[in-house]
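Engineer: One-letter residues, chain by chain:
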Amino acid sequence: MAPRMTASTAKILPLVAPIRRIRSSGSSAGGDQSERPFISSAMLAIMMLIASEMMLFSGLIGSFLIFRLQAAFWPPPALPRLPIAVTWVNTFVLLSSALTMTLALRAAHRSRQRLLRRYLLATLALGVTFLAVQGSEWVRLVAHGLKLSSGVYGGTFYLLIGCHGAHVTAGVIWLACVAMAAMGGRYNARNAGGIEVCAVYWYFVCAVWPLLFGLVYLM
Amino acid sequence: MSSTAAVAAHGAHAEPHALGFWRTYIFSEDHKMIGKQFLFMALFMMSIGGLMAMLMRWELAWPETQVPGFGWVPEPFMYEGAIPPNTYNAMFTMHATIMIFFVVMPILVGCFGNFLIPLMIGARDMAFPKLNMLSFWTGAVAGVILLSSFFVTGGPAAAGWTSYAPLSAVPIYTGVDWGQNLWCISIIVLGASSLMGSINYITTIINMRTKGMYFFRLPLTIWSLFITAILLLLALPVLTTAIALLLFDRLGGTHFFLPAGGGEPLLWQHLFWFFGHPEVYIMILPAMGIASEVIATFSRKPIFGYRAMAYAMIAIAGLSWIVWGHHMFVSGMDPVLGSGFMITTMIIGVPSAIKTFNWLGTLYKGNIHYTAAMMNALAFVAMFVIGGMSGIWMACTPVDMYIHDTYFIVAHIHYVLFGGSLFGVFAGITYWYPKMFGRMMNETLGKIHFWITFVSFNCTFFPMHILGMAGHMRRIYNPQQYDFLKPIIPINEFISISAFVLGAAQFLLLANIIWSYFKGAKATENPWYANTLEWTTPSPPPHGNWPGPVPIVYRGPYEYSSPGVAEDYLPQSQLLEHSTGAANKRTH
Amino acid sequence: MLEHMYFPHDISTFGPQIDRLFLLIFWLVLVVWTAVMITMVVFMIRYRARPGRKAEYIEGNSRLEIIWTTATAAILIVLAFMSRSTWADIKEHGPPGDVFYAVTGKQFNWEFTYPGPDGKLGTKDDIIVENELHVPVNKVVRIDLTSKDVIHSFYLPNMRLRQDAVPGRIIHVWFEATETGQYEIPCSQLCGFGHSGMKGNLTVQSQEDFDKWLKDLYANPPAPPSATEGASPK
Ligand code: HEA
Ligand code: HEA
Ligand code: CUA
Ligand SMILES: [Cu+2]
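Residue numbers (this note's numbering), protein chains in the order written: chain P, 1 to 219; chain L, 1 to 588; chain X, 1 to 234.
Careful, some of the hints might be misleading.
Taking lysine-lysine pairs in the DSS-like style, the calculated list, with each CA pair at most 30 Å apart, reads [unchecked claim]:
no., chain 1, residue 1, chain 2, residue 2
1, L, K130, L, K211
2, X, K120, X, K215
3, X, K120, X, K139
4, X, K54, L, K522
5, L, K365, X, K54
6, L, K522, L, K447
7, X, K54, X, K139
8, X, K124, P, K147
9, L, K519, L, K36
10, X, K124, X, K215
11, L, K447, L, K365
12, L, K447, X, K54
Just so you know, these hints were derived from the structure itself, not from any lab.
Using the sequences and the hints given, assemble the complete structure.
Structural biologist: Structure, rendered in structure tokens:
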């Protein structure tokens with residue numbers, strides 16, 4: 001995986017581009033890593049980022065559970081219920097985007113450019129749909145009187161779901177960049193690292209959602 | 001990893017002066033320059049944090065009198081030079097925030113981490129140089145945000161570095177409005193900087209080690225920085241969560257920490273200390289690594305129990321996640337839970353004991369050279385033991401009920417953080433200065449600085465244990481308001497005078513750093529006859545770290561006085577051609 | 001001054017237990033610390049560098065490693081269990097109370113609520129006195145502790161007692177004074193600019209004096225504390 005990803009990730013994610021070799025001064029006797037690392041640096045970095053994000057969500061979820069378990073009434077009587085049916089559908093939208101992402105990866109690994117583009121765009125579309133539905137539900141909830149300041153019920157709802165929404169937004173932007181690069185035909189079987197890294201992040205975003213959905217909407 | 005084409009394309013960057021001033025000194029992507037930038041930022045911040053400490057010490061010994069020379073400070077910060085209570089609260093809040101987040105962490109993790117990791121593992125730079133640069137500049141922005149809070153109305157944050165809610169959650173409770181918000185924002189931004197740094201460190205250490213540099217051949221400094229990076233990666237997001245909730249309470253009208261809206265004040269403490277305890281080990285582990293490095297080098301002996309040292313650090317890091325409740329014994333937490341936290345806290349003393357005894361074992365039958373770096377490292381061991389042992393009293397729940405929030409805790413803080421972390425920093429600076437700046441530091445000046453610091457440090461902070469036993473609360477600006485504290489006023493005066501000496505002594509360090517930069521003797525490649533890889537390249541190392549190929553590693557980092565060779569050191573990268581093979585094969 | 005370089009005079013029933021634990025740890029730590037320091041200084045002198053000498057190549061010793069690990073672990077775990085039993089005595093199974101009060105922290109005073117003439121807390125005739133706590137000697141005092149605004153901490157140095165007062169929670173504490181006298185009740189949790197100087201007075205009296213004082217209190221109850229004092233959240 002490692003050697004495949006360099007060029008593409010360097011474009012899309014300039015900050016995590018692997019270091020360039022500065023000089024090899026002709027000699028091969030040096031200890032410059034000649035063996036491939038077990039796992040590429042970019043992949044390692046994204047996994048580290050996800051570990052860190054998991055702690056962030058754990059903090060939020062832990063706080064939510066404390067409020068939830070202490071509260072006598074949940075949701076508090078005067079406040080609107082959360083839209084469960086729509087969100088079930090939306091959950092499937094997000095989860096199916098993980099599926100299309102997998103298919104996109106498969107296509108990339110087989111150098112099937114048209115398929116790759118199609119699945120990336122499908123993933124992007126599903127992600128955007130998810131955000132749009134979430135957004136419109138938020139607008140409705142606010143209109144029905146569920147505000148950030150509606151006690152800890154409103155507060156945790158907007159914070160947890162909002163935090164996830166922010167992550168989806170970031171993922172969608174990243175996906176758009178990857179899709180754009182794919183339009184230019186940048187990925188193929190030997191060079192799919194840029195998609196792999198993005199996919200790992202997207203899987204994370206998708207995997208967190210059912211947990212939040214279960215806790216915040218269903219519990 | 002990267003293709004040959006990439007090498008050719010970027011070959012131009014190899015020439016050291018091809019980059020110009022801005023890319024070389026300001027927006028540098030070279031890990032060595034970024035390390036130095038962290039060092040200078042931290043030293044600058046230390047003078048501000050130290051100045052706060054001096055003002056606090058004046059107030060505690062001579063409360064409500066004019067601080068000499070401060071008559072010009074405008075109201076309401078000071079009244080004709082006298083410090084009002086809210087300013088005092090702001091001072092210890094900023095003192096601790098600056099010292100912890102902008103002095104100790106930037107030097108230990110930012111400076112030593114950046115400077116040493118690639119050099120010691122045999123890499124040409126960090127895995128992600130641009131991310132590295134961004135990490136420094138994000139940290140610098142966080143520093144500016146924090147300092148700017150001195151200039152907003154209401155003054156800087158004044159709820160303690162622990163910012164307990166609800167005090168910190170509602171502006172009218174402290175009278176501080178934007179100061180506290182800026183504090184929150186600053187720490188969140190700093191969290192982003194640490195995140196970038198720690199991702200970089202972990203990736204670099206896992207993926208960029210040179211040939212032969214197996215994990216159990218890594219210098220202990222690198223082990224410590226690796227473990228620290230993992231702690232940073234996992235701990236800071238929790239603090240970010242807590243501070244985000246706090247900011248929403250302050251600005252968004254939520255009630256996460258306010259009981260009036262169904263919130264829970266203790267939640268802040270749980271989140272904060274869940275981060276806070278790993279945080280204190282973030283601040284001590286790299287110092288432990290540095291001390292191990294320096295002690296082995298100047299004892300001319302392998303570190304005693306290399307693997308035990310590495311495992312002990314892993315154990316400390318692991319245990320640090322399950323002890324946070326020891327800060328909350330009297331918070332109203334369930335007493336049974338308190339007992340659980342007491343037991344885990346006691347157990348965390350065990351790996352620290354392993355480290356201490358192994359340092360002693362390293363001295364045993366050594367050939368000890370008393371350089372300034374070695375003296376600071378030995379002081380680190382001695383002071384850390386005192387600080388760690390005061391932790392045992394505090395871990396004991398019934399005793400902590402009495403000494404919690406007294407100067408006993410303040411004594412502990414400074415024994416571990418100044419006596420531990422800062423002596424480790426001093427040892428590290430004096431040890432690696434030649435490599436960083438290409439010149440030797442002045443040994444005599446270094447020793448004078450060491451002795452004055454060592455003596456005045458103990459005179460400042462040891463008596464605080466006695467204050468704590470007498471019941472002297474922390475975070476009070478005028479101890480003379482209490483009858484039961486009146487008899488110990490002279491101790492407070494003694495402490496303050498010692499503290500001024502301690503503060504003034506730091507000018508010697510500053511002077512040494514500046515003087516040696518221009519006038520110090522030129523440093524050779526390996527002035528201390530040390531084994532690790534950073535000593536196999538010129539001082540200071542060129543762009544790309546080694547002028548020739550990166551060295552290959554044949555053995556562990558501490559093969560001092562090996563019977564296989566005549567000299568008393570044996571660099572990791574030295575291939576022994578005619579040996580029997582024993583010295584070459586030794587892997588630890 | 002020397003006599004003040006120690007704990008304040010103890011007047012509680014559980015204080016001696018805490019002081020004993022403190023001293024136990026003191027001796028334990030002193031012994032370990034002295035041993036560590038002596039070893040260190042001896043090594044530092046004995047093995048200082050001398051020309052022509054080479055250090056001995058010793059990489060470690062697993063036996064020693066195991067010995068000192070188990071030894072420290074054993075000491076610390078024993079200590080933990082000893083502390084645990086004292087803690088349980090104080091916190092988990094305290095004696096039944098004789099006198100009951102409610103104490104409320106607020107910026108920057110203590111409100112002590114005494115039961116009115118009906119002898120019961122939580123009724124209309126309760127009397128609130130600011131900063132003056134009177135208790136009879138040799139009686140178990142049980143207190144419901146809370147706070148109106150931020151976290152304060154109820155600290156009785158002479159009783160070795162400390163408990164945070166947390167808004168939104170009621171926390172029970174108890175103590176039994178063994179000597180009469182006048183003492184201070186500092187607040188020991190940072191609670192704002194008035195934290196330093198937030199203190200009450202504790203008067204431990206004989207039962208007769210206490211009854212007399214209580215009668216006076218019932219005869220001329222103080223005006224209830226002004227509501228403006230102590231900021232409250234929006
Ligand atoms: C670098 C920082 C650092 C380090 C390393 C430590 C290390 C330890 N700390 Fe400390 N601590 C702080 C920084 C640190 N602490 C800070 C900043 C606070 C205050 C925060 C605030 O409220 O503002 C604090 C507060 C604090 C408290 C809360 C007190 C209170 O508020 O009431 C407690 C309680 O248990 C505690 C315990 C310990 C223990 C048991 C260790 C152990 O890890 C120590 C282990 C080491 C040894 C024990 C010495 C070596 C061992 C031997 C030589 C073996 C033999 C020893 C025996 C058999 C006893 N610390
Ligand atoms: C790394 C951490 C660190 C360091 C290095 C220090 C260093 C010092 N600290 Fe700090 N301190 C803390 C961390 C640290 N502290 C923490 C976490 C708290 C708790 C805060 C809270 O309650 O929220 C605290 C609280 C604290 C208190 C208790 C305040 C209170 O509770 O009311 C006191 C009181 O004496 C104190 C004093 C000092 C002194 C005299 C120094 C000296 O060692 C400083 C000496 C250094 C310098 C002076 C810097 C060098 C100076 C220059 C180059 C410029 C020279 C300036 C002059 C000579 C005027 N500190
Ligand atoms: Cu009330 Cu401090
Ligand atoms: Cu701790």
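Engineer: Please go over all the hints and tell whether each is borne out by the structure.
Structural biologist: How the hints compare with the structure:
no. : hint               : verdict
1   : K130(L) to K211(L) : holds, 25 Å
2   : K120(X) to K215(X) : holds, 15 Å
3   : K120(X) to K139(X) : holds, 17 Å
4   : K54(X) to K522(L)  : holds, 27 Å
5   : K365(L) to K54(X)  : holds, 9 Å
6   : K522(L) to K447(L) : holds, 19 Å
7   : K54(X) to K139(X)  : violated, 71 Å
8   : K124(X) to K147(P) : violated, 38 Å
9   : K519(L) to K36(L)  : holds, 19 Å
10  : K124(X) to K215(X) : holds, 17 Å
11  : K447(L) to K365(L) : holds, 24 Å
12  : K447(L) to K54(X)  : holds, 25 Å
The structure fails hints 7 and 8 (numbered hints given earlier, in ascending order).
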